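J.: Chains as they are written, first to last, in our numbering: chain W, 1 to 514; chain D, 1 to 433.
To be clear, the hints were calculated from the coordinates, so they are not data collected in a lab. Since this is a predicted model, take the numbers as computed values, not measurements. C-beta atoms are modelled at their ideal positions from N, C-alpha and C, and glycine is treated no differently. Treat the hints with care, as some may be off.
[Unchecked claim] Derived coverage of chain D by chain W (criterion: at least 3 residues anywhere in the stretch with Cβ under 8 Å from a Cβ of chain W; other residues may be distant):
{"hint": "1", "region": "184-196"}
{"hint": "2", "region": "260-268"}
{"hint": "3", "region": "276-287"}
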Amino acid sequence: MGKRAIEMAHTLTNPLRVGLRQERVISPQCLVIFGASGDLTHRKLIPALFELFRQRRLPSEFAVLGCARRPWSDEEFRSRMAEALSEEVSQHQSAWSQFSACLFYEPVDLQQQQDVERLGTRLEAIDRLKATRGNRTFYLSVSPAFYGSGCRTLANAGLLKDPNRSRVVIEKPFGRDYGSAEQLNRIVQACGQEQQIFRIDHYLGKETVQNILVLRFANTIFEPIWNRNYIANVQITAAETVGVEERAGYYESSGALRDMVQNHLTQMLALTTMEAPGRFDPEAIRNEKAKVLQASRLANEEEPWKCCVRGQYSEGGSPAMPLTGYRAEPGVNPNSTTETYVAMKLFIDNWRWQGVPFYLRTGKRLPKRLSEVVLTFREAPVHLFDAAGGSPTANQLILRIQPDEGAGFVFEVKAPGSGMRSRPVDMHFSYDESFGEPSDEGYVRLLADAMLGDPTLFTRSDEVEAAWRLYTPLLELIEDAPWQLPIHPYEAGTWGPGAADNLMAEEGLMWRRP
Amino acid sequence: MAPQLTLQAPLALPPSEVPGYLNNLWSEGLLGSAGAATFTLLVWEPSWLQQQLIRTGRIDGPISGLLNEELLEAAREAIPACGLPCSTAPTATELAWALGQQPGEHTADDLRGQFVDRAISAHRPRRLITLAPTLAADKPLETLVAAYCPLPEERSGSEDACGDVVVLRGGMGALHQGLAMLQPLIEPDLPCWVWWNGSMDESPELLEALAVPPRRLVVDSSSGDPRRCLDLLVERIATGQAVNDLNWLRLRSWRESLAMAFDPPSRQSALDRVVQLDIDMEGHHPVKGLLLAAWIADRLGWHLQSSYWIPGDEGQQGIGAEFERNDGESVQVRLMPVPVGITKTHPGALVGLRLICAPPGQAPLCVILCSESGGCMRLEAGGAASMELAEEVVPLPNESEEMEMARLLGGGHDSTNPLLAAAAPLAAKLLPQ
Ligand SMILES: NC(=O)c1ccc[n+]([C@@H]2O[C@H](COP(=O)([O-])OP(=O)(O)OC[C@H]3O[C@@H](n4cnc5c(N)ncnc54)[C@H](OP(=O)(O)O)[C@@H]3O)[C@@H](O)[C@H]2O)c1
Numbered sequence: 001m002g003k004r005a006i007e008m009a010h011t012l013t014n015p016l017r018v019g020l021r022q023e024r025v026i027s028p029q030c031l032v033i034f035g036a037s038g039d040l041t042h043r044k045l046i047p048a049l050f051e052l053f054r055q056r057r058l059p060s061e062f063a064v065l066g067c068a069r070r071p072w073s074d075e076e077f078r079s080r081m082a083e084a085l086s087e088e089v090s091q092h093q094s095a096w097s098q099f100s101a102c103l104f105y106e107p108v109d110l111q112q113q114q115d116v117e118r119l120g121t122r123l124e125a126i127d128r129l130k131a132t133r134g135n136r137t138f139y140l141s142v143s144p145a146f147y148g149s150g151c152r153t154l155a156n157a158g159l160l161k162d163p164n165r166s167r168v169v170i171e172k173p174f175g176r177d178y179g180s181a182e183q184l185n186r187i188v189q190a191c192g193q194e195q196q197i198f199r200i201d202h203y204l205g206k207e208t209v210q211n212i213l214v215l216r217f218a219n220t221i222f223e224p225i226w227n228r229n230y231i232a233n234v235q236i237t238a239a240e241t242v243g244v245e246e247r248a249g250y251y252e253s254s255g256a257l258r259d260m261v262q263n264h265l266t267q268m269l270a271l272t273t274m275e276a277p278g279r280f281d282p283e284a285i286r287n288e289k290a291k292v293l294q295a296s297r298l299a300n301e302e303e304p305w306k307c308c309v310r311g312q313y314s315e316g317g318s319p320a321m322p323l324t325g326y327r328a329e330p331g332v333n334p335n336s337t338t339e340t341y342v343a344m345k346l347f348i349d350n351w352r353w354q355g356v357p358f359y360l361r362t363g364k365r366l367p368k369r370l371s372e373v374v375l376t377f378r379e380a381p382v383h384l385f386d387a388a389g390g391s392p393t394a395n396q397l398i399l400r401i402q403p404d405e406g407a408g409f410v411f412e413v414k415a416p417g418s419g420m421r422s423r424p425v426d427m428h429f430s431y432d433e434s435f436g437e438p439s440d441e442g443y444v445r446l447l448a449d450a451m452l453g454d455p456t457l458f459t460r461s462d463e464v465e466a467a468w469r470l471y472t473p474l475l476e477l478i479e480d481a482p483w484q485l486p487i488h489p490y491e492a493g494t495w496g497p498g499a500a501d502n503l504m505a506e507e508g509l510m511w512r513r514p
Numbered sequence: 001m002a003p004q005l006t007l008q009a010p011l012a013l014p015p016s017e018v019p020g021y022l023n024n025l026w027s028e029g030l031l032g033s034a035g036a037a038t039f040t041l042l043v044w045e046p047s048w049l050q051q052q053l054i055r056t057g058r059i060d061g062p063i064s065g066l067l068n069e070e071l072l073e074a075a076r077e078a079i080p081a082c083g084l085p086c087s088t089a090p091t092a093t094e095l096a097w098a099l100g101q102q103p104g105e106h107t108a109d110d111l112r113g114q115f116v117d118r119a120i121s122a123h124r125p126r127r128l129i130t131l132a133p134t135l136a137a138d139k140p141l142e143t144l145v146a147a148y149c150p151l152p153e154e155r156s157g158s159e160d161a162c163g164d165v166v167v168l169r170g171g172m173g174a175l176h177q178g179l180a181m182l183q184p185l186i187e188p189d190l191p192c193w194v195w196w197n198g199s200m201d202e203s204p205e206l207l208e209a210l211a212v213p214p215r216r217l218v219v220d221s222s223s224g225d226p227r228r229c230l231d232l233l234v235e236r237i238a239t240g241q242a243v244n245d246l247n248w249l250r251l252r253s254w255r256e257s258l259a260m261a262f263d264p265p266s267r268q269s270a271l272d273r274v275v276q277l278d279i280d281m282e283g284h285h286p287v288k289g290l291l292l293a294a295w296i297a298d299r300l301g302w303h304l305q306s307s308y309w310i311p312g313d314e315g316q317q318g319i320g321a322e323f324e325r326n327d328g329e330s331v332q333v334r335l336m337p338v339p340v341g342i343t344k345t346h347p348g349a350l351v352g353l354r355l356i357c358a359p360p361g362q363a364p365l366c367v368i369l370c371s372e373s374g375g376c377m378r379l380e381a382g383g384a385a386s387m388e389l390a391e392e393v394v395p396l397p398n399e400s401e402e403m404e405m406a407r408l409l410g411g412g413h414d415s416t417n418p419l420l421a422a423a424a425p426l427a428a429k430l431l432p433q
C-alpha cells in the first residue's frame, strides 16, 4: 500500500494523542462482504473500514472483497464506494487511493453453490496478491432470510472449515422469535463452531455500553450496593426522536419490541445486572450475561398485558413543524397495529435482584434522543431533615449511553442558608469533558473486534435465545390475542402513551424525565 | 511463552543444494498450507554478548540468540568485572566488546535460528532465515535447513501451516559469501522482514545488502553509536522503506502516559504554553530520550533553535536544546544521564520526564512521569510546590524482543509509523555534533 500520509484526525484536540492508537493488531485477512451493493455497506461498513485504515489499524496485508449478485467489476465497486463516501474521500484523497486499492468485487449469488465455489478460487488469488494468509471474515449484510442458507453454502464450499481462520458476522435481526432464533442457531452451528459466529448487536459497539462493565467491575464502591438491598428499581430507556424513516417495510413486520427491546435494551439490561465474571474473557462475560437473562422474566407471565404497554405515534408537532402519524407514513399500512413504543416491567429471579422491578421503554418520535440506565436507590431509612421538595429525592445513578455520554449521580446536600434543609444535586461525569475524544463509531469497534476474532461484544447463541424466550409471552399474545395488548396512540413528540405511566404508578414511581 | 525448537533436526547441506532442497519441500504438499502465503523473516543474529559470555565461561551454552534472565544476570555481573561504569546496560555493545578482550576458550552448541519463539511461530512464517556470525572470523560457511511446524497444540483444527528454517553460519567473510545464495531464497511476492538484531553500527555493507527496499527493516536504535543509529534511521526512513525501531516501540508507555495526562480538555490549552521539558535517562545512550523529546516537539509544533552538550556527573554529558513555540516563546529542553543502581536491559532507558507549562493567568502546571522501577527525585525537587502537579507512574513494558517482533509481524507495519518518521530526523538534529 506504499507510504501512508500522516492522518491528523482533525477532531482530535490533544495533539499528543494523534496516532497513538496502537491497539490490538488486526491480523492479515480478507473481509468478504455479502450485500456489498446494499445500503449498510456504503453507509456503515466501508466508512468504518476507511476509518480503521486511516487510524492505521488495518494490516497492509488486507483486502475487502465485496459480493452481491449484480455484475460489478472491482473498478465499479471502488468508484461506487468513492461516490458514497465522497465527503471523506475528498478530505483524504491519498489515503482513499491507497485504501481503495484493497477493495475487490466478485459477483456472487449466495444461493448458488457454484458461485460460492468460484468465490473460493477468487479468495485464493487474493491471498496470493495481498498475502492475506488465508484468514477470512465473512460479513453477511444481506436479507436475514439468507443468514442460514448463506452460512450453509459457505460451509459446503469448505470456506468455514478452519475455525481459526474463518469467521462469519451476522447482522441483526437474529430470528424473529424464540423458535426461529433457535432454528437459525442450529443451522449456523452446523456450519461452524460457535467461536466462528459473530452476531452483531450495535449497542455493544458503544463505548458507554462497554463502560457499564468497567464502571461496575473496575471500582469497588459500586458493587457492594449493586443489589436488591440498596437498589429500589432500575429504568432503561432508549428514546428516538425520528419516526420510521425509510424503513417502513422492515419496521412494519418488526415493531419496537423486536427492533429495540429484544436486542439493544436487553443487552443493556444484561450488562447492568450480570454477576462479575471471574476474568475478563469473552466466554466468562458471555456466560454471566446468558445466566442473568435466563433468570429474567416478565413481571407477570400469566397475564403479560398487565406488565406491558404498546403505543404508536399519531400526528403531532407544531404548526411550524408538523409530524406525521405512523399510519400516515409512506409504506405503512393505514390500519397498522405495529407498535412504535413499548414499555414493560421485568423481574430477575436471583439472589441479587429478587423483587427489584426493571422498567424498560423505547419509542420513536419521543421528545429527546437518548439512551440511559437509571438505578434508583432505596430511600434513607429515617428522614432527619426537611427536604426542599417535600421528601428527600432517592439517590440515582444515571449511566448515559447517548448522547452526552457519561454518568451522573444524584444525591442530597444541605440547601444553603439557615436551617437544615436538604436538596438534591447532580454530580456529573462526561466523556467529552474528561477525554475530549470522539469515541469510535459503533461499527468501527465491532468490525475491528470481529476481524480480531474477539467475540466479547457479540451475542452468543444462548444469549440470543434467552433474550427471545424472555419476550415470548408478549410475542405470542400479540400474535394470538392482540386486543389484549392494544396499541395506545401517543402524540408524536411526547413521552409515549399515558398507560405507560400507570405501569409505574402502581408502585408510586414515575419514569425519569431526562 | 517458551521458545520452541524446530521439530525436525536441521540438515546440514552444501549451500548450493539448499534452494533445490527447499523447492522440493514446498512442491511436496506444503504449498497448500497456510504458511505458504505469509512472509519471510530474515534475522541478523550476531549474539556477540551471548557468545562472549559463553566463551569466557560466564554462562553455559547453547548459543540460542535469545536474551534470557540468566544471560542478563551474567552480563550485569561482568560489567564491573570489565571495568565499565555501573550505568552500563547489560546489552550495551561496550560490554560485548570488553568481554572480547578477556581470555577464554569455552565452546557450546550453536542453535541460533533453530529456536522459534511461539509468538513468532504463531504467525507461521513461510521462511525464517538466520544469519549467525561466529566469533572466529575465518569459519567457513555452514548452511542448515529444516522444515518447521508449530507444535500440535498451536495448530488449528486442520492439518496446518508449516514453514521452513534456513541458517547461514560462519565467520564474517563466509557470511558475505553466503549473501549470493540468499536472494533466491526470498519469495519475491511475499513480504520480507529484515530484523537487524545487533548493533546498528556494525557491518554496514551487510545491512545495506540485506535491507533493500521494499523489505521491511526492524532495528534497535539503543544498540550502536547514537549518531550512527539516528543517521541510519533517518536515511532509511527517507528512502520510503518501512522502518520499525524497537527502541521507539519501547517508548509506547511513555507516549501513552503523557498523552493521558493531557486528555482532559481543560488541560489541553496548557500544551500551547510549555516552557520546559526535562528528561532523565540511564547511562549515556541518549537516543531513546531524544526520540521522546523529538516526538513531543514535533507534536506541539516547536522549532529547534539550538542544541548543545551539558557537562554532567562522572564525566557523562547531558544534552540541552532550545526550541521556539508557535507563539515565538522559547522552550528549554534538557536530557540528563542520571546514576541508577541497576540498569534496565537496554541502554538509555528513561527514568523520568517533567513538562512544565505556564498558561497565562493560571498557576503553572507541572506534569511528572516516573518509570515504575525508580524514583525521579531529581525532577520532583525544587520549585514544584507552587504549581499544579500531575504525577504518573509509567508502567514498565515487560515484553521480550520476540514479542515485540511478533507484534510487528502481526500486520499493519508496511510503512514507517508517521510519528517515528517525524521524530527521527528531529532527534538527529537534537543530538549535538
Ligand atoms: N441498513 C441498515 O442501516 C441496517 C441496520 C441494521 C441492520 N441491517 C441489516 O443488514 C443487512 C443488510 O441491510 P441493507 O440495508 O444493506 O440491505 P439492502 O440495501 O437491501 O442490501 C441487500 C444486499 O444484499 C444483496 N443480495 C440480495 N440477494 C443476494 C444473494 N442471493 N446473494 C448475494 N447478495 C444478495 C443485494 O445486492 P444484489 O441485489 O446485487 O444481489 C444487496 O447488496 C440486513 O440483514 C439488515 O437487517 C441494516
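J.: Of all the hints given earlier, name the ones this structure violates by number, lowest first.
T.: 3
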